[in-house]
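Novice: So the protein sequences, as listed, match chains U and H. Note that the numbering used here numbers the first sequence so that position 55 is 55, with each residue one more than the last. Note that the numbering used here numbers the second sequence so that position 36 is 36, with each residue one more than the last.
Hints were generated in silico from the structure; no laboratory data involved. All C-beta atoms in this analysis are idealised placements derived from N, C-alpha and C, irrespective of residue type, glycine included. It cannot be assumed that every hint is accurate.
[Unchecked claim] Simulated DEER-style distance windows between Cβ atoms: (1) U:Gly-79 to H:Asp-77: 55 to 65 Å; (2) U:Gly-79 to H:Leu-73: 49 to 59 Å; (3) U:Lys-54 to H:Lys-171: 33 to 43 Å; (4) H:His-151 to U:Gly-169: 24 to 34 Å; (5) U:Asp-105 to H:Pro-158: 37 to 47 Å; (6) H:Arg-50 to U:Arg-104: 33 to 43 Å.
There are 2 protein chains.
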Amino acid sequence: MGKVIVLRIGHRFFRDSRVTTHVCLTARALGADGIIIADRHDKTVESTIREVAKRFGGDFSIESGKPWRRTILDWRDMGGKIVHLTAYGLKLPDVIQEINEADRDILIVVGSEKMPGEVFKLADWNVSITSQPMSEVAALAVFLDWHLENHAFEKVFPRGEIRIVPSRGQKNIERIG
Amino acid sequence: MGKVIVLRIGHRFFRDSRVTTHVCLTARALGADGIIIADRHDKTVESTIREVAKRFGGDFSIESGKPWRRTILDWRDMGGKIVHLTAYGLKLPDVIQEINEADRDILIVVGSEKMPGEVFKLADWNVSITSQPMSEVAALAVFLDWHLENHAFEKVFPRGEIRIVPSRGQKNIERIG
């Protein structure tokens with residue numbers, strides 16, 4: 001499996017900070033290698049996610065402010081493929097095999113309602129999670145789970161300070177090292 | 001498969017309206033039958049979701065303001081089971097078979113950081129999506145996809161006014177009737 005980076009387009013500082021934080025946590029927990037928040041710097045979201053990564057481990061990267069078109073074109077120049085998650089795309093079950101068999105580095109583009117139309121043309125695959133109005137957080141979650149073929153649940157997050165111990169009925173956090 | 005209703009706990013009017021809207025859209029698109037927003041009325045979220053359901057079809061129910069404990073206790077009295085999505089629970093792959101084989105009506109409880117500890121005790125299953133800090137929107141999406149065994153993608157939404165026609169590269173919306 002190649003590298004997986006999420007590109008968040010259309011983020012507006014403050015107004016979108018909470019939803020973008022959800023996008024970041026989802027990307028990290030479900031096995032993406034990092035996220036780029038396009039066009040706008042958001043040091044608040046960046047520091048929240050860096051703090052999570054420091055405490056819970058792993059190598060998740062986050063940067064903000066890089067222009068979205070440049071990010072997509074650079075990714076293609078490096079030989080990577082572009083997946084655009086949109087309600088208007090082809091249904092996930094109909095394209096996931098083709099995407100996974102391509103076995104390339106994947107940039108997953110997620111946005112808001114104001115996604116530039118050009119993204120449809122730049123994408124190698126426009127992919128829909130259910131063809132219904134949808135949360136981009138949920139779309140990203142389901143896509144990652146299918147793309148990584150449920151292996152996100154086995155992902156190891158090294159060098160954390162604490163870890164959650166799965167429990168049938170209580171909060172159980174363990175300090176590491 | 002029994003009925004599936006989502007119970008959103010800890011919603012605060014305005015501050016949480018966008019994230020709760022994501023929770024509602026996710027529940028609807030991925031096959032839940034309805035959502036209850038506990039303890040607080042939010043007519044804005046309700047009308048947004050009703051408008052989506054009117055335009056895109058289906059029988060998704062939404063109500064807000066019912067107390068969370070009462071909702072859970074009523075559900076149990078009716079013979080239903082409670083699934084609480086929390087980072088601290090047992091890992092999804094380890095419990096999903098037991099949940100699905102129980103074949104009962106399911107109330108899926110999703111919350112925010114301030115989930116009352118009592119919910120852990122009232123739940124039949126405390127379920128974690130990855131044991132990492134996580135978006136409840138993403139957790140709900142992945143849980144529904146596993147619980148409905150990927151069949152959400154085939155769900156039909158009758159009596160809508162419009163529908164999205166899946167497309168490789170453009171927005172394509174069709175009027176119905």
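Novice: Compare the structure with each hint and give your call.
Specialist: Each hint, compared with the structure:
1. At roughly 58 Å, the beta carbons of Gly-79 (chain U) and Asp-77 (chain H) sit within the given window of 55 to 65 Å.
2. The hint said 49 to 59 Å for the Cβ distance between Gly-79 (chain U) and Leu-73 (chain H), and at roughly 57 Å that hint holds.
3. A C-beta distance of roughly 41 Å is found between Lys-54 (chain U) and Lys-171 (chain H), which places it inside the suggested range of 33 to 43 Å.
4. A C-beta distance of roughly 30 Å is found between His-151 (chain H) and Gly-169 (chain U), which places it inside the suggested range of 24 to 34 Å.
5. Taking the beta carbon of each, Asp-105 (chain U) and Pro-158 (chain H) are about 41 Å apart, inside 37 to 47 Å as hinted.
6. For the hinted restraint 33 to 43 Å between Arg-50 (chain H) and Arg-104 (chain U), the CB-CB distance of approximately 42 Å keeps it satisfied.
Figure legend: structure checked against the earlier numbered hints; every hint is met.
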